[in-house]
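In order, the protein sequences belong to chains A and B.
The first sequence begins at 1 in UniProt numbering and counts up one residue at a time.
The second sequence begins at 1 in UniProt numbering and counts up one residue at a time.
It cannot be assumed that every hint is accurate.
[What the hints assert, rightly or not] Chain A side only, calculated, beta carbon under 8 Å to chain B, not exhaustive:
| id | residue |
| --- | --- |
| 1 | L118 |
| 2 | G205 |
| 3 | V284 |
[To be verified] Computed list of lysine to any residue pairs in SDA-like fashion (alpha-carbon distance at most 20 Å, straight line):
| id | chain 1 | residue 1 | chain 2 | residue 2 |
| --- | --- | --- | --- | --- |
| 4 | A | K190 | B | H147 |
| 5 | A | K197 | B | H147 |
| 6 | A | K251 | A | E420 |
I should point out that these hints are in silico values taken from the structure, not numbers from a laboratory.
Glycine residues also receive a C-beta, built at the ideal position from the N, C-alpha and C atoms.
Number of protein chains: 2
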Amino acid sequence: MAAKRQLHLGAFMRPVSLHTGAWRYPGAYPDANFNFSHLKRFAQTLERAKFDAFFMADHLAVLNMPIDSLKRSHTVTSFDPLTLLPALAAVTERIGLVATASTTFDQPYHIARKFASLDHISGGRAGWNLVTTSNPDAALNFGLEDHMEHGERYRRAREFFDVVTGLWDSWADDAFIRDVDSGIYFDPDKLHVLNHKGDYLSVRGPLNIARPIQGWPVIVQAGASDAGRQIAAETAEAVFTAQSTLAAGQKFYADVKGRMEKIGRNPDHMKILPAAMVLVADSVQEAQDKRARLDSLVHYDSGLASLSIALGHDASKFDPDGPLPEIPESNASKTSRQNVIDLARKTNMTVRQLAQRLGGYSGLAFVGTPRTIADEMQEWLEQRGSDGFTVNFPYLPAGLDDFVEKVVPELQRRGIFRTEYRGATLRDHLGLPRPENQFFRSDAKPATHAAGSRS
Amino acid sequence: MAAKRQLHLGAFMRPVSLHTGAWRYPGAYPDANFNFSHLKRFAQTLERAKFDAFFMADHLAVLNMPIDSLKRSHTVTSFDPLTLLPALAAVTERIGLVATASTTFDQPYHIARKFASLDHISGGRAGWNLVTTSNPDAALNFGLEDHMEHGERYRRAREFFDVVTGLWDSWADDAFIRDVDSGIYFDPDKLHVLNHKGDYLSVRGPLNIARPIQGWPVIVQAGASDAGRQIAAETAEAVFTAQSTLAAGQKFYADVKGRMEKIGRNPDHMKILPAAMVLVADSVQEAQDKRARLDSLVHYDSGLASLSIALGHDASKFDPDGPLPEIPESNASKTSRQNVIDLARKTNMTVRQLAQRLGGYSGLAFVGTPRTIADEMQEWLEQRGSDGFTVNFPYLPAGLDDFVEKVVPELQRRGIFRTEYRGATLRDHLGLPRPENQFFRSDAKPATHAAGSRS
Ligand SMILES: Cc1cc2nc3c(=O)[nH]c(=O)nc-3n(C[C@H](O)[C@H](O)[C@H](O)COP(=O)(O)O)c2cc1C
Ligand SMILES: Cc1cc2nc3c(=O)[nH]c(=O)nc-3n(C[C@H](O)[C@H](O)[C@H](O)COP(=O)(O)O)c2cc1C
């Protein structure tokens, strides 16, 4: 019997809950995003549950929302991912550690070196979520008046990737001899000077750190646009996405893996992991009640703003406690408008409840019992909507603990999620090959790995 | 009786030994610079000995030396300090953690955020060694043809400091209310938007992390030039320096503290900590023998290059095993030339031994018994040559363990070094005040702290 397709699970940990009401939920730690001892406990719990990775999103500015919503948001402060993850590396042993870092507002020498350092310190557990930065306000914190144009951001990102991976390959894997007798520390023939001069970047090299344990830390991408999908197909080994139905997930999955095949990459060398909020309880009703309670903690004004945007229509005149009235046509996205109308009709939610849902978290959510949740996850996996999920928890610690205690054993029982880590590195967990050094190829084996098949 | 002046001790841990022969010394770990488990053990040992701080120097390029020397150097690779120190923060509790970061090749938003994150994660133990970067090759790794001009580097550094400290003060210490009932996470009146536009930098802010636990991480400086001393006097709270005699130390100490007084800063609010190698043994002879053995591990060619530079004369024609011949006058620095000649006459070292000394480590060194070393340290302290030292160890682990087991207890016995940490933060260890927030002054107490007295 062929082995079952295996689910890969990342945990979305910045913010620790994407739901804006989470910090007010009974039993939550209001400062959890920003308290190392809580984050340590969460990482250790996720490791006990054999998660593939702990993932930190990142923003290089305070979120660009009106101050009246911002002042209610628990996401306003958090740790720099590349500072938090080394600390978590020291208190965990196996779980992967994926940090987001921007190609628009950083320098490839810094990025190559920091991820290489994290990879060495963690014993091969680092991953880089390569983003071009979504929040345009970041530009103002880095000496620019405006965000770099979208296409240009991605062209710079592509070159940035080449430079970073070139720097990681500065030293052959066996460059450091450390021969105490002869006094030779490294073999100069195993040092490559990059001498990169391109459209956006010029970087001499070599990097002042040995090649990462994983060869290269795992490359992650989260772009949604055509350019974003294309760079993912060319470079990424894991992809975060925000598809809220299985049909949309399947379309995205087929598109990105198709792009990989077109350029000769093996589609198995990328794991696609949509973001999903999972709320588990002992009955479906209890889970739905918890979600309703969580939504009720979102301030109505913040919710109204989200609802009005989705409808393309000012919702502040509606009766908060009545049903959603007929909405006239508008210029807004027809899909988001129709999604809200469908949700209202299906659930009989009031205007207030709809607003709070949209202001809280409105992406893909699995809300139910261990069995219904495992059914949905398995369906996505088997129907090629995804290779797993980037799970976010509705509130913490309880929502995370519930997932670990209830959903993970059910997935394990079905044989679609590991009961033990098989390897030591994030590449091992994700089933990804270790890239060969592009400047020092071993003659013994042909270059069939992800890196080689790209060039 | 007035309390005795107290010694402050930092440990110079990148490279773990400055001595280029260290990795070959019997019992040494050849990969110690680059092995997290060793660095963790060293940090924990230093903490048991109640060191003020663990210090990581930094370079943004491979050291600029000829490949024939470089290939013998154990310093060629090492961790990025801002990646290593968070990992060490997670496995220590009290010791300060000082990372070097460059104002020439980084962005103030990144630096402010990373040090703030480290300060929160470590519970107030972060320090920033603000450098303009000494290795000119770094420029080539950051898209530049040449190193920025010295004066300009320091002007940018001064503005960079203002921006970073301004960003740290983005939030009042009590900005985060986290009121679960009302749903208000922070008080918008306690948020300051920096809106900095200067000659070198323009940064809007606010920083997306709460004010550091220490208010500001401790500011450290290591500049030696006039501009370097001046920025230290204006901004620094600890200073690393490389003075190799007590007389030179006293002159530097008086100069920098005098500059502080001239601009109205309290000279006690800066600790001057010269770098010193300490090699301790049970007799002076044994200590000297160990040093000779260590020096003998330096490759003669690397040593010759250093000796020739110091003498301003090609030393490769000399008999390696004979005494230093008469050296004709030259254009080289008269001081360094005379220092070598004096050393040769005083010690009867051969040309080979002199070369190996200079190629190994030729700065300030205390080599002797616990008593002679404590005598020298105490003399520097009492004669105002320094407020303590940045100790480097000749070889590790033995040299570090010997210092901790033999020298530290002698210093404690004399009442000039702590037997327990008194406070929790690096500021506490160094006896430095916590800077008040420049945008949110508490009316209760006047602004007499370091930060306030500068403005
Ligand atoms: C799960 C997930 C996580 C993301 N994390 C980040 C992030 O940490 N920082 C960021 O700037 N953008 C992040 N993004 C946004 C993407 O990088 C990207 O900007 C967005 O999907 C729009 O795509 P495009 O840039 O290709 O137009 C994330 C997206 C998803 C789906
Ligand atoms: C103990 C000590 C540590 C230093 N650490 C660094 C360092 O990590 N990185 C760096 O670029 N320079 C370092 N320096 C060099 C100084 O930053 C400075 O460049 C040098 O002392 C020359 O002074 P100037 O820049 O004022 O001319 C250090 C100097 C000393 C004495």
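Now the hints, each set against the structure:
1. L118: With Cβ-Cβ at 6 Å, under 8 Å, it holds.
2. G205: With a closest approach of 7 Å, the A:G205 hint holds.
3. V284: violated (28 Å)
4. A:K190 to B:H147: Answer violated: A:K190 to B:H147 is near 27 Å, above 20 Å.
5. A:K197 to B:H147: OK: A:K197 and B:H147 at ~18 Å, within 20 Å.
6. A:K251 to A:E420: It is violated: about 32 Å lies between the C-alpha atoms, which goes past 20 Å.
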